[in-house]
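Keeping the supplied structure of chain A fixed, place chain B upon it in accordance with the hints.
Residue numbers (the working numbering), protein chains in the order written: chain A, 1 to 731; chain B, 1 to 71.
Derived from the structure by calculation, the hints contain no laboratory data.
Where a beta carbon is used, it is the ideal one built from N, C-alpha and C, also for glycine.
A hint or two may mislead.
[Said to hold, decoys possible] Covered stretches of chain A (in silico footprint by chain B; criterion: 3 or more residues with CB under 8 Å from a CB of chain B, positions within the stretch not fixed):
#1 87 to 100
#2 296 to 304
#3 480 to 493
#4 510 to 524
#5 692 to 700
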Amino acid sequence: MRSRITVALTGNPNAGKTTLFNALTGSRQHVGNYPGVTVEHKEGLRRHGDYELRIIDLPGTYSLTAYSDEERIARNYIIDEKPDVVVDVLDASNLERNLYLAVQLMELGAPLVLAFNMSDMAKAKGYEFDTAILSRYFGAPIVETVGHKRVGMTDLLAAIIETAIRSEQKKSPTGVDSAGQENLLGPRGRIPVMNYGEELEKEITKIESIMSKRPIEGKYDSRWLAVKLLENDRELRAKVLSAEVNEQTEKSALHIEKMLGEHPETAIAGRRYGFISGACQEAVRSTIEIRHTISDRIDSVVTNRVLGIPIFLGLMYLAFHLTFTLGETPMDWIEACFGWLGGMVTIWWPEGSESLLKSLLVDGIIGGVGGVVVFLPNILLLFLAIAILEDSGYMARAAFIMDRPMHKIGLHGKSFIPMLIGFGCSVPAIMATRTLENRRDRLTTMWVIPLMSCGARLPIYTLIIPAFFPQVWHTPMLWIIYVIGLLLAVMSAKLLRSTILKGESVPFVMELPPYRMPTARGVLIHMWERGWLYLRKAGTVILGISILLWAMTTFPGLPGEQAAQFEKERQGIRIGTMEEEERSTRIIAIDNKEAEAALQSSIAGRIGHAMEPMLRPMGFDWKIGTALIGAFAAKEVFVAQMGIIHSVGETNEASETLREKLKKSYTPLVGFCIMLFCLISAPCMVTIAVTRRESNSWGWALFQLGGLTLLAYVITVLVYQTGRFFGIGIG
Amino acid sequence: MPLTIVQPGRRVRFVSVEAGGDLQSRLAAMGLVPGVEIEVIQNFMQGPFLIEVKGSRIILGRGMAQKIRVA
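Excised from the complex, chain A in its bound form (with noise of 0.2 Å):
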């Protein structure tokens, strides 16, 4: 008997199989890391009697044979990592078509615990259960739960625990059968097994027949293999090498078809069907008739052919409306921080000392840090907003109704949510295209997903309409650039589509939750996990940027006799004869020509003068260029960057003087050309590295970062080009 017991968390999508996690788990939460592991899994803890359980919150599913990169992940955890017990957690309103999974797991030999959850509701709607007989027939325990009250979760615990040393037992040599699972053991003696029908059944034992003269790898129980393979199951078809095998299955699907008039798969899912019909028609008395509940009023209304849309894009705009107007106090406080924060490394430095380290904790980390962290509040109110929509089971008809329109562009209804968390940031929203199961589509996806402007962005914006844009323009401006993404994600998704990535799109069929009301518990922990993967690029990237570019800025440093040359002027004025204010104001003055000399030097000020050609034509000077340098690793560093280049020390977005400077060296037309490039151009490197990941695919990463590129740079110079010719910005 162990102490330590693995639990695997599976069920359909909305049958409140994350919120049973949480219940169970409470704060004891771990979600899982994005680079370098290969199952992507949330995983907590719980203790109970003498037991520590390690329950794994597996994506929902709604059979082991898996059609999207999600299902794939939780049938694979299932059969390969072979947790001590599998818990279904299933829609106790939806009993049926939630057995589905269930008889699978069954024929796995899983040690299952079925959770009838959401059994507050399918009491509402008049059900009741013997779970006796069902616990009979499927060979598993039944705990009735009700997730987000927490209602159930002891006898959910307990039920686990047996399970697990039930299944211990039956593993050693001498165990006994448990007495009540007597009535379903098949031949095989511990695994409840479903009959499938003569002729079903003969082919089956014929393709396990073959099976055993060469063993595949042992892990799979034949006869559950030999089913898989006669449904087709893509996977696991390749992973059968011996010819002999798959010879016989292909024979064995033709005489099925022959036999019984229908494929295979069709067959053996009727079967199973067939099976929890009959379960349930036994074992589940339903008193009330409910026909039209309270959410198919509210989507006859929603997904209404008129009023749909606009719905639609009225709530779009009101999450972002709140996003940002609720997000200005934090932002402010945080931006207080960081600056507070260093003022004091600042003063506490002694005075008089240039310390490289102190150059390097100032401007580099904290100046670089800060300037993502500032936009935290901002995001996680995007994510809230999502999380609420996605929660109360709005989303699911969202997606249906941006379908028809996503399909003329080349995307799919359900690209339209990544597609929103991509204007908080690009990580968590390529990784929310798991859901997609055509790959086309999510390739498409994934490619177009930078070209929503992004949180990072803003500060860029931020900066620049100001300084060359009347007040009354500020908000169309920004409107502007912000369309002129997701003009741009259009058309190159139609592009996409239409030559590299064509391809029928899967006809879209989705299951439609019931509305529910979201859980302030369940919708924090939503934002918070995205919220959180934003937060770590922070962390880990851009703090390991900001030094590698602060490096760049301050190596190799000015020549001697330049450096001499300031000091001598700084001398001057000290000895002068002048106002305090004037005094300290011309010597900040000469400190800041000093920076901008520095920069001009440096590794990264030479990198930009060598670019300059190739700026030109967009209407940028090595300035811009080298202060593109770093927005490429990660764009929120741009604005930094300009403050050092322009000789302003270290500033901000919100800098007056900044603003004054650029005025001075450019013109609207470049100022938008900026804006322009900074859109479009690849997203920050964290992004490339998500996109790698998902796609498993360096080509299309490194596709995506050229072609963003490449798009950038060309409608730059056309715009830039345009605007000169016929001379408007140019004031």
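Structure of chain B alone, referenced to chain A:
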């Protein structure tokens, strides 16, 4: 007949779907197997196609609905 011509409120039985094995299995996993009862909830001309199968609401694209045969 194709599912698309069934009026809201009517109940029919699923017969078959013109689709590849993958899609058939996918639909089966959601409850759409031969013989199952389908109730049509919503069926506007070019709009959403909403059905109820085994107690769940499923939303279908029109193209999909057209490929489904019912009786």
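Verification of the supplied hints:
no.	hint	in the structure
1	87 to 100	holds (count 6)
2	296 to 304	holds (count 5)
3	480 to 493	violated (count 0)
4	510 to 524	holds (count 5)
5	692 to 700	violated (count 0)
Of the numbered hints given earlier, the model fails hints 3, 5; all others are met.
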